[in-house]
Amino acid sequence: MTSPSRERDVRVAAAAEFGLLREIEVAADEMFGEIGIGPFSSSAAEDHLERAAIVLVSGRPAVGFACVEEVDGLAHLWQLSVLPSSGRQGRGTALVEAACAWAASNGYAAVTLTTFRDVPWNAPFYARLGFRPVDDLSPELAAIREHEKQIGDDDFGPRIAMRKDLPRPAATC
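Per the numbering used here, the sequence shown starts with residue 131, numbered consecutively.
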């Protein structure tokens, strides 16, 4: 039997896992339906897994993932999804922390994201991990928010952009 901490180990996803990750996203989105949010629009044109800078997964087989892209020269957490049956075990936190560590090690100054402001496992979750609301949006982040409005995400409740500044690497002599 694998220990709980071992099950949360985060690794880079293989492209062969992307089909499973799409299934995880759909299952995770069903949680929103329980609070009256959704259904979300879906489009093959919005397949961020294929163009991500990195996709991280938790579990073998994967039960959660984080998809990170580059937006305005910063790392952008495009998607974080964990199977509801595997939730509340620290997987989401481990994935976000791994995404931030990856971003810092690759020279990004911050990680941004967009999320629902009032959903407990959205903005309040990210705030506990050091993300803060952003009011002054950079051009690409503003375009993401505009797209979310156009596809109806804002119709389900207030959405916000958030940012977590990352530690700068120590200077070496």
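Check the hints yourself; a few may be wrong.
Stated by the list, open to error - Taking lysine to aspartate or glutamate and the DMTMM-like style, the derived pairs with C-alpha atoms no more than 20 Å apart in a straight line are:
(1) 279 with 265
(2) 279 with 248
(3) 279 with 159
(4) 279 with 295
(5) 279 with 177
Said to hold, decoys possible - DEER-style ranges, computed between Cβ atoms:
(6) 150 with 269: 20 to 26 Å
(7) 285 with 250: 18 to 24 Å
(8) 163 with 266: 30 to 36 Å
(9) 146 with 262: 22 to 28 Å
(10) 190 with 273: 19 to 25 Å
Hints listed in this document are in silico derivations from the structure and should not be mistaken for laboratory results. We treat Cβ as the ideally placed atom computed from N, Cα and C, and that holds for glycine.
Hints breached by this structure: 4, 6, 9 and 10
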